[in-house]
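K.L.:
What follows is each chain in one-letter form.
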Amino acid sequence: MSARANDSTKDVSSLSNLDLETPEKTYLDSNELIINMGPQHPATHGVLRVILKLDGEKVLGTECVIGYLHRGVEKIAENRTYTMFNPYVDRMDYVAAVSNGLGYCEAVEKLMNVEAPARAKYIRVILTELNRIASHQLWLGTHALDIGAMTPLFYTFRDREEILKIFEKYCGARLTTHAFRIGGCQYETYAGFEKDVKNVLTFFAPKIDEYEALLTTNRIWLERTKNVGVISGADCVALGVTGPVLRASGVQWDLRKAQPYAAYSEFDFEIPIGTNGDTYDRYLVRMAEMRQSLRIIEQAVNGIPEGPIMGKVPKVIKPPVGEIYHSIEAPKGELGYFIVSDGSTQPYRLRVRPPSFVNLQALDIMVRGLLVADVVAVIGTLDIVLGEVDR
Amino acid sequence: MPNFIMSYLGSTVTPGEAGNQFWALMYVLIIFAGVSVAVIAMNWIERKALAHFQVRLGPMRVGPHGLLQPFADALKLMLKEDIIPAEADQFVFWVAPLIGLLAAFTVYTVIPFGPSQAVSDMNIGILFMLGVSSLGVLGIVVAGWASNSHYPLIGALRSSAQMVSYEVAMGLAVVSAILMTSLNASGTGTLSMIGIVQAQQQQGVWFIFKFFPLGFIALVIFAIAMIAETNRAPFDMAEAESELTAGYHTEYSGLRWSLFMLAEYAAMIAVSSIAVTLWVGGWMRPFPNLLNAPAWDFVFSLFPGLTFLGLAAIAFVGVARMPAHSFFKIQRIGLAVFAALLGFIALLLLVIAVVGRSADTSVAARFREGIDYVYWFVLKVAVFMYLFIWYRATWPRYRFDQLMRVGWKVLLPISLGVLVVTAIVGVIVS
Amino acid sequence: MVPITTLHYLVVAAALFVLGVIGVLTRRNVVIVLMSIELILNAVNLNLVAFSRMWGNLNGQVFAIFIVVDAAAEAAVGLGILIAFFRNKETINVDEIDLLKW
Amino acid sequence: MNPAMNSALNSGMAPVATPFFFYMLAGLAVVGGLLVITRRNAVHSALALIVTLLAVAGLYLMLYAPFVAGVQIIVYAGGIMVLFLFVIMLVNIERSSKERRFNRMWPVGLGAACALLALFVSAFAKGKALFPEGMMSMPESSNTQQIATMLYGDAGRMGQYTFAFEIASLLLLVAILGAVIMTKKRI
Chain U
181 MSARANDSTK DVSSLSNLDL ETPEKTYLDS NELIINMGPQ HPATHGVLRV
231 ILKLDGEKVL GTECVIGYLH RGVEKIAENR TYTMFNPYVD RMDYVAAVSN
281 GLGYCEAVEK LMNVEAPARA KYIRVILTEL NRIASHQLWL GTHALDIGAM
331 TPLFYTFRDR EEILKIFEKY CGARLTTHAF RIGGCQYETY AGFEKDVKNV
381 LTFFAPKIDE YEALLTTNRI WLERTKNVGV ISGADCVALG VTGPVLRASG
431 VQWDLRKAQP YAAYSEFDFE IPIGTNGDTY DRYLVRMAEM RQSLRIIEQA
481 VNGIPEGPIM GKVPKVIKPP VGEIYHSIEA PKGELGYFIV SDGSTQPYRL
531 RVRPPSFVNL QALDIMVRGL LVADVVAVIG TLDIVLGEVD R
Chain R
356 MPNFIMSYLG STVTPGEAGN QFWALMYVLI IFAGVSVAVI AMNWIERKAL
406 AHFQVRLGPM RVGPHGLLQP FADALKLMLK EDIIPAEADQ FVFWVAPLIG
456 LLAAFTVYTV IPFGPSQAVS DMNIGILFML GVSSLGVLGI VVAGWASNSH
506 YPLIGALRSS AQMVSYEVAM GLAVVSAILM TSLNASGTGT LSMIGIVQAQ
556 QQQGVWFIFK FFPLGFIALV IFAIAMIAET NRAPFDMAEA ESELTAGYHT
606 EYSGLRWSLF MLAEYAAMIA VSSIAVTLWV GGWMRPFPNL LNAPAWDFVF
656 SLFPGLTFLG LAAIAFVGVA RMPAHSFFKI QRIGLAVFAA LLGFIALLLL
706 VIAVVGRSAD TSVAARFREG IDYVYWFVLK VAVFMYLFIW YRATWPRYRF
756 DQLMRVGWKV LLPISLGVLV VTAIVGVIVS
Chain A
-10 MVPITTLHYL VVAAALFVLG VIGVLTRRNV VIVLMSIELI LNAVNLNLVA
40 FSRMWGNLNG QVFAIFIVVD AAAEAAVGLG ILIAFFRNKE TINVDEIDLL
90 KW
Chain W
107 MNPAMNSALN SGMAPVATPF FFYMLAGLAV VGGLLVITRR NAVHSALALI
157 VTLLAVAGLY LMLYAPFVAG VQIIVYAGGI MVLFLFVIML VNIERSSKER
207 RFNRMWPVGL GAACALLALF VSAFAKGKAL FPEGMMSMPE SSNTQQIATM
257 LYGDAGRMGQ YTFAFEIASL LLLVAILGAV IMTKKRI
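Residue numbers (my numbering), protein chains in the order written: chain U, 181 to 571; chain R, 356 to 785; chain A, -10 to 91; chain W, 107 to 293.
In case anyone wonders, no lab produced these hints; they're calculated from the structure.
Keep in mind that the hints are not guaranteed to be accurate.
Unchecked claim - Below, in silico cross-link-like pairs of lysine-lysine (DSS-like), each with a Cα-Cα straight-line distance of 25 angstroms or less:
no., chain 1, residue 1, chain 2, residue 2
1, W, Lys232, U, Lys238
2, U, Lys238, A, Lys78
3, U, Lys238, R, Lys764
4, R, Lys403, U, Lys387
5, U, Lys255, U, Lys238
To be verified - With beta-carbon atoms standing in for the labels, derived distance ranges:
no., chain 1, residue 1, chain 2, residue 2, range
6, W, Gln266, R, Ala778, 19 to 29 angstroms
7, R, Ala679, U, His250, 50 to 60 angstroms
8, R, Trp449, A, Asp87, 35 to 45 angstroms
9, R, Ala679, U, Asp389, 49 to 59 angstroms
10, U, Glu450, R, Lys684, 49 to 59 angstroms
11, R, Trp763, W, Leu276, 19 to 29 angstroms
Please read all numbers here as calculations on a predicted model, not as lab measurements.
From the three backbone atoms N, C-alpha and C, an ideal C-beta is built for every residue, glycine too.
Work out the full structure: start from the sequences and follow the hints.
P.N.:
Below is the structure:
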């Protein structure tokens, strides 16, 4: 490109301290083109800023600049009691708020050595899996929109509404639900909860087929996603990438099976895995996961036991001195909470291991050598939520 | 005055050909206004149709069922601040949308809405159309360059490469249709748009069905290339909003941006018109040779009126279905007036069809004929326009390298093959 | 008004030709030099078509078409050389193209 | 382009307001040419050249050569100029636009300008005697067909220029290959 355009970005390149591959000398002024993608960009899902180093349209390297949505969640935790901090975690991965709450509550429970009653665990599983479907739906819609298919976005948002309605009826909130409490659940299920959930089950199976009819065998979709953003299982493990991204690369690792929490050990479900580790496999894995979630919900709602929903938790939560790391399988990957307690009512230190943040690391090796359009597809397929990346 | 009108209505050639400067100018004005109205209508229809594809309602607030939305948008765009970036090349930035607009509208001078319903019948009509519509790319390239920004520049380079590549396949598809016009006794083809339609009439077949499936394949190639030419989904690489924010017009705003949109939609209608003229029989009604009795003429001439009657009925159903709340009172009245207007037009068209049913040279008969021609032409174009919306709702976007591969490695060989096979079959047949 | 004759066209063509020559001789930017060559070719074309009209003979128009073909080839090759040159020397200034081999 | 003019020209009608359109188009062409060689910015030059090319296409139409005019628009304005703009964007013009526009050949340019002036004067003085005022009439409506006959031949016979036409296609092929080889980084 012309140097007119280059001059204005010299300062950006000095920002980049990554040792990016030096570009081949090309006829395009022999300079690489440096493009700022974001933070105001329709395809970066919030305020991610990616500095792209391009040779024509070929990506030579990327550098993510994050922190535009940093709210100091971990610091806030040190100044709030355990109970007060609970709603804050919903704001990290705001499209999967229920999972965030589940991870936090279970971590504190583990630290205090109490256990939620069976019924509470079942409710937790149902809501979490519903939330997994909702999260995957949102991912599918936005991912398809990034690749240029407008319609799936509206289909998924229409259907996601059914899940949000259940959340709203259950706890009064649709997005940042604050559904669980330390030691169990605060609310008993409302009358007709089971019927609603069963309705969702029958409602969703054909809807997932509908999404697949739009995309799975679509030629353009195949061309845009096959062999795009390939990452090997070994690379995933080395980078700490988890969730559907890891499973699409052929590694059968799902915390629900590997170290069961809540009531997951009681359900029969499969871990869908891919083979190629490309964008298309990640798409297939997530679609299969939605179906598996339906299976889990079906078993849970049919086998939901009666009983209390709140465990024996003191009025004032004061965990013993110690530390705990507890992680769950959030829709996006391993969501871990590391809590250090000094015996007071507030955590001494709370550290979140967000899946999006870790998965975002894989962006660079996934897009090197691809084109600009693929960067968009890969950001979409990583399924990042900036609230969680920046915290 | 009647004599004056008849001086045109009685003519069987275009005003340009008759040297009738007044009517030629009138035609230019009518077509300019008509295309602008069509663009506005297309804007509304696209938004509504796309919304209904996507289980939502689309514009509903401004006017009944959002009917006034395009006007509100136009007003908004005109009143918006027209920003010229400080680092932009002022003059080129200013002139770029005009180039695109000029190219898109100049094409209409040779589009035949009927055997005499065109500004002019150039004997190089199709060549002129392809040439002038290819000038639109200059506006895009120059707009991307003048913005002096990365995204517009990449968008402009992409779209110029894309348009230049697809022009090749498009041209070859057009040539295969032109080749079909020469399959007559004299063995002479024509490049005139009107001549092409007349050739279809003489041969008694739309070129889409000629040498089936050769004509059909050529039309499909043209239809794909024309989407790429107009930068529409799934080939909207130049303005891929998820990659390049808005491509070449990222830096544009207000009126200038709306000129780009106007040019884009005008170009869409123009290329659809080429496709209709070349393959789908232009202004001709279905089966003009087979069902050529005057009675059939009369039956087909009822179609325009009946179409408007149907639209009016739909609008009245809309009135009836509106909620009875007082909030909707004005909307109800508005929609009812709109429906009544449609009904009035329908009545007018039906009256003209009945009065002008005899095939004489009275004003009413000539008028009726003209309405028929324009109606069938617009109907066929509308089908193509609907396809544009349908594609946009259904398909993801191609990647740039894939797009070029489709253009050069798929469409080009197929169109060459179709051309050669058409030539061979044509020689064998004649 | 004076009727338009062949002479009028020839004068326009001559003007374009001279402008092209001046451009080729004096401009330093290779792209503009190539554009000036296009101007010269257009002037020639205009002459050919005007004479073709004058003699009622289409040979001139056919020649004009051949010249257009030639102009396309010339532009493609010329711009190709320009890009190859620019890749090596990072300049498009004719004054700096002063080596036989680089 | 005025539709009335185009169509009148094509259909064998007497052209409307010929002098007006001639002077307008000729003026556009010459002013465009002047801008091509004087603009500092190459993109501005290219836009000016487009104006010139379109004006010359209009002059072809006035000369009853619609096919040449069509070819001019498609090949020149739609093809070659896009190529030019493309290349201008690829190469760095920032530096060259800051430098001197003209080299030291300006005396030659001045000479050429003087020659032009002399030509104008002489044409004004005795041009009318050199060229007949009337023009031969040509059947314009079949212009394209006649050109095709000359290029491709008719009824099995080779046309006058068929061989030359094939050579031209060979020239284009060579040009394509040459351009690709020169610009491609790696083949």
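K.L.:
State for each hint whether it applies.
P.N.:
Now for the hints, and whether the structure bears them out:
1. A hinted pair counts as satisfied when its Cα atoms are at most 25 angstroms apart, and W/Lys232 with U/Lys238 does not qualify at roughly 64 angstroms.
2. For the given pair, U/Lys238 sits about 24 angstroms from A/Lys78 by alpha-carbon distance, which is consistent with the 25 angstroms threshold.
3. At most 25 angstroms may separate the alpha-carbon atoms for a hinted pair to count; U/Lys238 and R/Lys764 meet this at roughly 21 angstroms.
4. Only pairs whose Cα atoms come within 25 angstroms are accepted, and R/Lys403 paired with U/Lys387 is accepted, the gap being roughly 23 angstroms.
5. Restraint check: the Cα-Cα separation between U/Lys255 and U/Lys238 comes to about 40 angstroms, which exceeds 25 angstroms; the hinted pair is violated.
6. Here the CB-CB span from W/Gln266 to R/Ala778 is close to 22 angstroms, well matched to the stated 19 to 29 angstroms.
7. The hinted range of 50 to 60 angstroms is satisfied by R/Ala679 and U/His250, whose Cβ atoms lie roughly 52 angstroms apart.
8. Remark: the range hint 35 to 45 angstroms for R/Trp449 to A/Asp87 is upheld by a beta-carbon distance near 39 angstroms.
9. Between R/Ala679 and U/Asp389 the CB atoms are about 39 angstroms apart, so this pair departs from the stated range of 49 to 59 angstroms.
10. Between U/Glu450 and R/Lys684 the Cβ separation comes to about 58 angstroms, which falls inside the hinted range of 49 to 59 angstroms.
11. Taking the beta carbon of each, R/Trp763 and W/Leu276 are about 21 angstroms apart, inside 19 to 29 angstroms as hinted.
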